[in-house]
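If you read the protein sequences in the order shown, they are chains E and V.
If you use UniProt numbering, the first sequence corresponds to residues 1 to 296, in order.
If you use UniProt numbering, the second sequence corresponds to residues 1 to 296, in order.
In short, the hints are calculated from the structure, not lab data.
Please note that the accuracy of each hint is not assured.
The list treats identical chains as interchangeable, and a pair is accepted whether it falls inside one copy or across any two copies.
In silico DSBU-like links for lysine-lysine, alpha-carbon gap of 30 Å or less [unchecked claim]: (1) Lys132 with Lys47; (2) Lys211 with Lys136; (3) Lys211 with Lys46; (4) Lys132 with Lys46; (5) Lys77 with Lys132; (6) Lys77 with Lys211; (7) Lys211 with Lys288; (8) Lys77 with Lys255.
Protein chains: 2
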Amino acid sequence: MAKKDKKTDSSEAESLLELLRVPSGEVDVLRDFDPRATPGYPGKGKKDADEELEALDPELSDLQERLYAASTVDDMKAPSVLLILQGLDTAGKGGVIRHAVGMVDPQGIQLASFKRPTEEELAHDFLWRIEKQLPKPGKLGIFDRSQYEDVLIQRVEQFAPPEEIERRYGAINDFEARVAESGTKIVKCFLNVSRGEQRGRLMTRLEDPEKLYKYNPGDVNTASKFDAYMEAYSIALTRCNTEIAPWYVIPSDRKWYRNWAVAKLLIETMREMELGWPAADFDIATEKARVSALPE
Amino acid sequence: MAKKDKKTDSSEAESLLELLRVPSGEVDVLRDFDPRATPGYPGKGKKDADEELEALDPELSDLQERLYAASTVDDMKAPSVLLILQGLDTAGKGGVIRHAVGMVDPQGIQLASFKRPTEEELAHDFLWRIEKQLPKPGKLGIFDRSQYEDVLIQRVEQFAPPEEIERRYGAINDFEARVAESGTKIVKCFLNVSRGEQRGRLMTRLEDPEKLYKYNPGDVNTASKFDAYMEAYSIALTRCNTEIAPWYVIPSDRKWYRNWAVAKLLIETMREMELGWPAADFDIATEKARVSALPE
Numbered sequence: 001m002a003k004k005d006k007k008t009d010s011s012e013a014e015s016l017l018e019l020l021r022v023p024s025g026e027v028d029v030l031r032d033f034d035p036r037a038t039p040g041y042p043g044k045g046k047k048d049a050d051e052e053l054e055a056l057d058p059e060l061s062d063l064q065e066r067l068y069a070a071s072t073v074d075d076m077k078a079p080s081v082l083l084i085l086q087g088l089d090t091a092g093k094g095g096v097i098r099h100a101v102g103m104v105d106p107q108g109i110q111l112a113s114f115k116r117p118t119e120e121e122l123a124h125d126f127l128w129r130i131e132k133q134l135p136k137p138g139k140l141g142i143f144d145r146s147q148y149e150d151v152l153i154q155r156v157e158q159f160a161p162p163e164e165i166e167r168r169y170g171a172i173n174d175f176e177a178r179v180a181e182s183g184t185k186i187v188k189c190f191l192n193v194s195r196g197e198q199r200g201r202l203m204t205r206l207e208d209p210e211k212l213y214k215y216n217p218g219d220v221n222t223a224s225k226f227d228a229y230m231e232a233y234s235i236a237l238t239r240c241n242t243e244i245a246p247w248y249v250i251p252s253d254r255k256w257y258r259n260w261a262v263a264k265l266l267i268e269t270m271r272e273m274e275l276g277w278p279a280a281d282f283d284i285a286t287e288k289a290r291v292s293a294l295p296e
Numbered sequence: 001m002a003k004k005d006k007k008t009d010s011s012e013a014e015s016l017l018e019l020l021r022v023p024s025g026e027v028d029v030l031r032d033f034d035p036r037a038t039p040g041y042p043g044k045g046k047k048d049a050d051e052e053l054e055a056l057d058p059e060l061s062d063l064q065e066r067l068y069a070a071s072t073v074d075d076m077k078a079p080s081v082l083l084i085l086q087g088l089d090t091a092g093k094g095g096v097i098r099h100a101v102g103m104v105d106p107q108g109i110q111l112a113s114f115k116r117p118t119e120e121e122l123a124h125d126f127l128w129r130i131e132k133q134l135p136k137p138g139k140l141g142i143f144d145r146s147q148y149e150d151v152l153i154q155r156v157e158q159f160a161p162p163e164e165i166e167r168r169y170g171a172i173n174d175f176e177a178r179v180a181e182s183g184t185k186i187v188k189c190f191l192n193v194s195r196g197e198q199r200g201r202l203m204t205r206l207e208d209p210e211k212l213y214k215y216n217p218g219d220v221n222t223a224s225k226f227d228a229y230m231e232a233y234s235i236a237l238t239r240c241n242t243e244i245a246p247w248y249v250i251p252s253d254r255k256w257y258r259n260w261a262v263a264k265l266l267i268e269t270m271r272e273m274e275l276g277w278p279a280a281d282f283d284i285a286t287e288k289a290r291v292s293a294l295p296e
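Could you put together the complete structure from these sequences and hints?
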């Protein structure tokens with residue numbers, strides 16, 4: 001299977017930025033994206049997945065450290081990265097954070113998890129709580145859910161009137177354009193899991209006492225609206241897929257591919273930022289002399 | 001060396017909670033603690049350090065997940081852990097966070113870094129900014145520096161009058177007792193690095209373009225007051241070493257030992273919390289039937 005993917009989908013050199021990028025124009029998640037695909041995966045499959053993921057660690061860690069280092073010299077001008085993770089329950093947002101994001105230094109990560117809005121948050125525009133969690137300069141920000149919940153669950157469950165939902169697509173595009181212009185590189189990942197896989201994962205949580213805490217009876221309500229969610233995702237992926245804040249669809253029925261793909265996407269994104277090491281804002285020779293003069 | 005440590009300092013069974021615990025009574029850092037020691041280390045030394053550290057990963061990750069899981073069921077009663085890291089520049093607070101804390105799921109970590117107080121922070125009592133960063137239930141909180149800066153740098157640099165410094169030791173003990181009683185397990189680690197090692201690490205930062213960003217000319221001013229800092233640490237370790245919030249001294253001249261020891265201390269601390277998996281607050285059979293009824 002992996003072999004076939006390798007032949008048909010990619011050469012080693014082909015970039016996930018291209019392979020997983022949502023094409024412009026109207027997309028339909030169920031029609032256009034295969035949750036079991038493994039585009040661009042260089043290994044054999046699940047059996048070498050740990051190795052393939054670990055192989056990404058040195059470069060990802062290096063890029064994150066460069067990102068952070070830039071912020072130590074001139075905090076105001078330093079760029080940041082914002083990885084937005086969206087997907088249904090069990091799609092693996094937590095798994096990606098644990099296994100892919102978890103490879104980098106915790107000091108470089110700024111994680112925000114958006115759950116049901118509080119009373120205070122609801123009293124503001126939907127982007128108010130998002131704005132507050134934007135990554136600081138030098139940080140790799142991770143959004144576990146995001147502003148997109150306001151056009152996904154809120155659309156499916158009709159928590160907001162249709163004209164308000166309609167307004168939000170444009171508001172999100174304007175917001176993301178402003179954030180990107182202020183120096184934040186935005187990467188939006190939709191973790192695409194199939195109906196059958198989701199059902200299986202929910203059952204697994206119920207069968208394993210160590211996974212039971214992840215199960216929430218409300219997840220079944222959401223799962224029962226699978227098609228409505230896929231439609232809401234299709235609209236969001238169509239209308240908020242900009243050059244400055246592109247969407248990627250991560251096939252997520254295979255956890256090992258999903259984790260690898262997000263890590264690889266992060267690497268390719270950060271490579272394009274051409275992050276150098278900052279120059280010293282002090283005289284190195286003088287400082288060497290000062291250190292040498294310290295008692296041994 | 002490691003062999004010798006093993007023979008003299010510990011059997012496999014001896015716990016770091018005992019080996020590294022600051023004894024009650026008056027201590028003197030320079031006299032009482034060897035920064036090059038490796039008590040309790042089960043391996044051979046630097047060459048098997050990666051393996052020894054990785055060997056701790058499964059249990060540390062498991063304990064952190066249990067801690068987190070408890071908070072998903074009854075958020076208010078769930079315990080948390082607070083690891084306080086103190087040490088001079090280059091002692092390795094960042095290294096411990098990257099290599100030891102970095103093994104666990106980023107979602108379970110709540111990291112706070114205390115730098116020079118802001119104007120707003122200075123307008124409040126010194127514990128005001130600390131209180132705000134206490135770990136939420138279920139979290140492993142990490143303080144990179146802490147309330148102890150207010151009796152360390154503030155003492156050495158005389159940023160506060162002697163009677164105010166004097167007041168703070170008791171205030172810290174009262175504060176920590178309250179925090180511990182509210183369900184937070186406190187572990188305080190002093191990363192003990194020698195004068196010579198610190199000097200060497202500062203020089204290394206100046207010699208390596210990829211480490212240059214970590215160098216700050218102010219570090220030399222601090223390093224030149226090594227003895228005064230050791231005295232301030234000795235006082236803090238003597239006066240704020242309580243049963244409910246104990247101090248541990250981590251020999252830190254060997255980075256591989258330091259990282260391993262903090263990870264091991266965390267494990268031993270969390271083991272004592274006897275963290276079980278939470279029971280379901282729903283009927284499992286009912287939920288299995290609901291999931292089974294979802295379309296495949």
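Any of the earlier hints contradicted here, and which numbers? Going through the list in order, the structure violates hints 1, 4 and 8 and respects the others.
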